[in-house]
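**Student:** Sequence:
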Amino acid sequence: MDGAAIPTLSLSGCEKPMPVIGMGTCSYPPADIETAKAAILEAMKAGYRHFDTAFVYGSEKPLGEAIAEALRVGLIQSRDELFITTKLWASFADRAQIVPACRMSLQNLQLEYVDMYLIHQPVRLTEMIRRIPVAAEVIRPLDVKGVWEGMEECKNLGLTKGIGVSNFSCKMMEELLSSAKIPPAVNQVEMNPVWQQKQLREFCKARGVHISAYSPLGANNTKWGDNRIVESDVLADIAKAKGKTTAQVALRWAYEHGVSIVTKSYNKERMRENLQIFDWALSADDLEKINQLPQRKGVILASIFGPHDLVLELDAEL
1 MDGAAIPTLS LSGCEKPMPV IGMGTCSYPP ADIETAKAAI LEAMKAGYRH FDTAFVYGSE
61 KPLGEAIAEA LRVGLIQSRD ELFITTKLWA SFADRAQIVP ACRMSLQNLQ LEYVDMYLIH
121 QPVRLTEMIR RIPVAAEVIR PLDVKGVWEG MEECKNLGLT KGIGVSNFSC KMMEELLSSA
181 KIPPAVNQVE MNPVWQQKQL REFCKARGVH ISAYSPLGAN NTKWGDNRIV ESDVLADIAK
241 AKGKTTAQVA LRWAYEHGVS IVTKSYNKER MRENLQIFDW ALSADDLEKI NQLPQRKGVI
301 LASIFGPHDL VLELDAEL
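Take the sequence shown: its letter number 13 is residue 13 in the working numbering, and every next letter is one higher.
Warning: the hint list may mix true and false statements.
Claimed, not checked - Straight line, CA to CA, 35 Å or less: simulated DSBU-like cross-link-like pairs of lysine-lysine:
hint, residue 1, residue 2
1, K45, K61
2, K198, K16
3, K240, K268
4, K297, K155
5, K145, K61
6, K240, K61
Unchecked claim - What follows is a set of in silico ranges between Cβ atoms, one per label pair, in the way DEER data are often shown:
hint, residue 1, residue 2, range
7, G146, G74, 41 to 51 Å
8, E256, P141, 35 to 45 Å
9, R103, A281, 42 to 52 Å
10, A206, E256, 13 to 23 Å
11, G208, K145, 13 to 23 Å
12, I132, T35, 14 to 24 Å
Rather than coming from a laboratory, the hints here were simulated on the basis of the structure.
The C-beta atom is built at its ideal place from N, Cα and C for all residues, glycine as well.
The task is simple: from the sequences and hints, build the whole structure.
**Tutor:** Set out below in structure tokens:
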């Protein structure tokens, strides 16, 4: 399979089309540079052209090294073949720090620009943190208007082709859209068959904001995820009838709902399996069964930052 075989979609205010499946590079515990770099090169060989990283993942440097290596050995002909997403960490979510933070990410990635720059979390941290949860006094509400002006500046300077957000609720999207000169292209949120995000999807669609789904398989084997998707009997039955894996059914479900998908696997076989979702479809009956699955979100901000009032308020909105 080559990169061209993955469908792409157009995003508002971003001149480059985005492949509908990206490889996520957040691993817990964090992988060492060599392991991450080798996995990224393996993903490029499998056909991935969209890579999702973030300052806080510690994976910008290995991704940058993998890109340089891929160009050196001719795995890709040009950086333009890739779609790279990275994210502004909450410790830099202050108007004056955003352009420098974006430049720092570009330095880590050895790139002149990224294709998408996202606000990572809907909060601001007043200092760099070494561990989580954080003390209540470190966490502040996000100055949505000011921070977004910084994001717009990154785009105007050509440091990124597109700008967007991650983990934003309908309420925060509303606040952002009321003052944005450049509307966000993307809202990257947790979305999968057991957390279907119907209301947020409809809200964003009506406003031309594309939803990108992280944890599309429930983030199994991570600190925050669980096995409700990979061990779902409903999904397993559909998969068996189709001769597919449960993971492929979950990814196909997301794709059929018009969202892009960020899927993370450092396993060579699974990486390839995750791309094999385009030449078959789910039936109306399958979709109806998936619709009935009990809903519960996996990513709780309070479990990351601590159960502070502001965080609990945001969790209730999300």
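**Student:** All the hints need checking, so say for each whether the structure fits it.
**Tutor:** Here is what the structure says about each hint:
1. For a cut-off of 35 Å, the pair hint linking K45 to K61 stands: about 19 Å separates their Cα positions.
2. Taking the CA atoms of K198 and K16, the gap is about 27 Å. The hint holds against a cut of 35 Å.
3. Between K240 and K268 the alpha-carbon distance is near 22 Å, which keeps this suggested pair within the 35 Å criterion.
4. Taken as a hint, the K297 and K155 pair is honoured in the structure, with Cα atoms around 32 Å apart against an allowance of 35 Å.
5. Restraint check for K145 and K61: satisfied, since their Cα atoms lie roughly 30 Å apart, inside the 35 Å limit.
6. Of the supplied pair hints, the one linking K240 and K61 is violated, its CA atoms being roughly 40 Å apart against a limit of 35 Å.
7. At about 44 Å, the CB distance of G146 to G74 agrees with the hint of 41 to 51 Å.
8. About 36 Å separates the C-beta atoms of E256 and P141, a value consistent with the hinted range of 35 to 45 Å.
9. Under the hint 42 to 52 Å, the C-beta atoms of R103 and A281, about 44 Å apart, fit the expected range.
10. At roughly 19 Å, the beta carbons of A206 and E256 sit within the given window of 13 to 23 Å.
11. Checked against the hint of 13 to 23 Å, the C-beta distance between G208 and K145 comes to roughly 20 Å, which is consistent with it.
12. Judged by the Cβ atoms, the range 14 to 24 Å given for I132 and T35 holds: they are separated by roughly 23 Å.
Violation of the numbered hints given earlier is confined to hint 6; every other hint is satisfied by the structure.
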